[in-house]
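Please build the complex by placing chains B and C on the supplied structure of chain A, with the hints as guidance.
Chains as they are written, first to last, in this note's numbering: chain A, 1 to 424; chain B, 425 to 800; chain C, 801 to 882.
None of these hints come from the bench; they were simulated from the model. No experiment lies behind these values; they were computed from the predicted model shown. Watch out, some of these pointers could steer you wrong.
Stated by the list, open to error - Pulled from the structure, derived: some chain B residues nowhere near chain A, Cβ distances all over 10 Å:
hint : residue
1    : Gln428
2    : Ala485
3    : Ala550
4    : Ala559
5    : Gly614
6    : Pro632
7    : Ala784
8    : Ser791
Stated by the list, open to error - Facing chain A, a subset of chain C residues (Cβ under 10 Å, in silico):
hint : residue
9    : Pro813
10   : Ala816
11   : Arg841
12   : Pro842
13   : Ala882
Cβ atoms here follow ideal geometry from the backbone N, Cα and C, with glycine treated the same way.
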Amino acid sequence: MRERADVVVIGAGPAGIAAACGAAPVRRVVMLDGAPGTGGQIWRHRTRATLGRTARRWLARLDRSGVEFRGGVSVTEVGRGRIGWTSRRGHGVIDAETIVLATGAREHYLPFPGWTLPGVMGVGGLQAFIKNGMSVSGLRIVLAGSGPLLLPVAAACVEAGAEVVCIVEQAPARQLVRFGAGLWRHPWKIVEAARYRLQSLNVPLYTGSWVQQVTSSAGQLVVERAASGDVERIRCDILAAGFGLVPNTELAQLAGCAVEDGRVRVNERQETSVPGILAAGETTGIAGADAALVEGRIAGSMAAGRAASEELPLARRAGQQQFAAALQRDFALRRELLSLASPETIICRCEDVRRSALDASWDARHAKLMTRAGMGPCQGRVCAPAMAALFGWDFPAVRLPALPASVAALCDHCATITHVEAGA
Amino acid sequence: MSRQPDLIIVGAGVVGAACAMYAAEAGLRVLVLERGRPAGGVTSAGMGHIVAMDDSPAQLALTSYSRGLLARLATELPPAVEYESCGTIWVAATPDEVAAARAKCALYHEHGVGAELLDAASLRSAEPHLRQGLAGGLLVPDDAVLYQPAFTRWLLDRAQQAGATLQSGVTVRVLSRYGVQTSAGPIASGATLIATGTDTCELLPGLPIIPRKGHLAVTARVPGMARHQLVELGYLQSAHAMTASSVAFNVQPRRTGQLLIGSSRELVGPDRSINHDILGQMLTRAVSFMPAIAGVDVLRVWTGLRPATPDGLPFIGRTAERDGVWVAAGHEGLGITTSLGTGAIAAALLTGADPPIDAAPFSPDRSAEPAGASHG
Amino acid sequence: MAEPIVILVDGVPYEAEPGQTVAAVLLSQRRWQFGCSPAGRPRGPLCGMGTCFECAVAIDGIPNVRACLEPVRNGMQVVTGA
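Next comes chain A alone, as it looks inside the complex:
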């Protein structure tokens, strides 16, 4: 199937929604997302009543905008002026004048012994499951890792009837205080509210502490929590562990956009290095939903054909970049975390590659060739950031298709693209 749109926005989180709404009054906009509904990770919802005011306002604006939203869509490739997609219902190619990459971020995982056991999942993962209707009532949950997501997710678990046994934050307390003392009004407000709520419920928050191993016994998980030489064993049903966020730059890379330090490089107009392709939100650097909205609005103006320069809220943007820097500084990963993975610990989950198999490799590409690490269906999205942390390796770029696509879908994409390039 081949069709045309003026603007295609990839990703239905805050940046994508703002961009789509900005372009929609004057352009035909199609918005694609892998999830069935709009909202991305942060505004994921089953009913809007669960969302905050800003999210509800933007979603209402999106409803009125005339943007055509398509969920459950995997984008397999982005090139200059074209997008290949596949879904459970079909596949096709969209020719677009402007493409906005609002692909957001994913969670950063650090392997530790036992992290592949069923019942061990990401912090953002657990949050997503709860938002999608997972009942956690009566479950014993440990949340571990690092970053501003831990406390709000813990609070959401408590809200939903779970017993949060404890929260294990690897950053030391003084760094959390420093982060909190910054001027990050919106994001930190949520974290602070969660902290007060958890304190009032006597949920222990351990700082400067981490999970060094998890095992399974009699249908439960046994978490080993380490802190300054001591080890505490905790039984639970679910261990959620995550260590911050990694921008999703795969589609940008496939499209040939410059990616630096793991972020899509954009100018102040959200233009990437490839003409006709804009990027906005976490894919350009982790800075939170407010920054994503600002960037999305700029991208929307650009996609609408308005010079965005007059309305650039540059001062706010600088503030968001400061937030990003503080995030990196105050939640910096401690060295102990990098030695948790034992030689037997699986690093690449898709292909069952253990740390010991990787030790003899020079770089990620060599490791991939020799061990298959990163060759599974996720194409290294999970293990490449882990290997970057453990071994200092750059991520190898993903290959076409960015997400698995049937032979039939690829045949169709290729035929369509060939037809277009032949000038038809």
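This is chains B and C only, laid out in the frame that chain A set:
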């Protein structure tokens, strides 16, 4: 390496690695210099099909000899090499192709290569996912499949056990009579062997080796969908045409349960970008032979460059171009198949021994003009 | 009132709510394992956002469907690799 090497091998792809193993085991002090990472160039992009090929008597001699060497080493290969003696089925779509299969079968038998004609019914029972109505095929049971990066690593390990040294990240810039000039300084040696695939012309501009691009796709795990390496007999036309772009049905089952889908050939210089036109044709051809593959997920597509020569045979031996400089390159799509034979021939020539098979057809001095226009 | 949704997971019927994902339904039943790794080790969902493929199941005969992205539909047949 404390003493000057007898032999510097430039390039740690599968061919350079095999040459290193045989030369070191023949008693030469070998130093392997690799610009990037072992198996990271031409080798990495290949399919890992070990196949007896009969385009010319010399090609059949080299491929079947090499295949035999590998079969004898098979029990020593570690599991990571994923050596699987699954055989090749040359699929005949039409009665004409059945006739071609019959001729191919006779030729293989003449040269002691096992082969067995399949009629339409036995083809179907051997490969139930092939489409209805195919005319038959030729089963070559001793052909095999392996994972060539791990195979290359194993060859290098063997070479190192025999005393060879490997240095990665060293670029050879200039060849001299006394050795090489490298990014890490000059290194003297008795002889230098160039095994740098498509990059060979950088050091030996007189050799006619040109890149011939191919596409490959790897699928999700679908165990049992194919049991043999499946290649259409029409592949031979594709492989022979030296000018036009072409595709052929070529599907390989991996030990992981994944399928590799090939193949394509293009002469477009060093450009490695994906050609949607060719990729689409290649996948469509795969679906036409194996309809069920349409629903299988592709995980990745990539391209590689085959080092092709005008007459389809590699260059193995001493160059006339430069004193003390040897070459083992230009294997096109057969470098993995013929790596061991190439290494054995090169080691014999370097040590003054008789080569195990006639090495004259591979001489770098030959004219290397195409054998004839008959292949079109 | 919406019609009740029932999905079959490895032949066992589970009630589901509109808007739930397949992964959310299985996890609500305390089914942490959705499949196995290539080497046969038990695995369950990790990322919840379609990235990791650890929640892949067969749905209505189509393999490798990410359960975390798939909304439930009445009568849906889910086959896990557990």
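Here is what the structure says about each hint:
no.: 1; hint: Gln428; in the structure: holds, 27 Å
no.: 2; hint: Ala485; in the structure: holds, 31 Å
no.: 3; hint: Ala550; in the structure: holds, 22 Å
no.: 4; hint: Ala559; in the structure: holds, 24 Å
no.: 5; hint: Gly614; in the structure: holds, 29 Å
no.: 6; hint: Pro632; in the structure: holds, 29 Å
no.: 7; hint: Ala784; in the structure: holds, 35 Å
no.: 8; hint: Ser791; in the structure: holds, 37 Å
no.: 9; hint: Pro813; in the structure: violated, 17 Å
no.: 10; hint: Ala816; in the structure: holds, 8 Å
no.: 11; hint: Arg841; in the structure: holds, 7 Å
no.: 12; hint: Pro842; in the structure: holds, 5 Å
no.: 13; hint: Ala882; in the structure: holds, 8 Å
Violated hint for the displayed structure: number 9, the only one.
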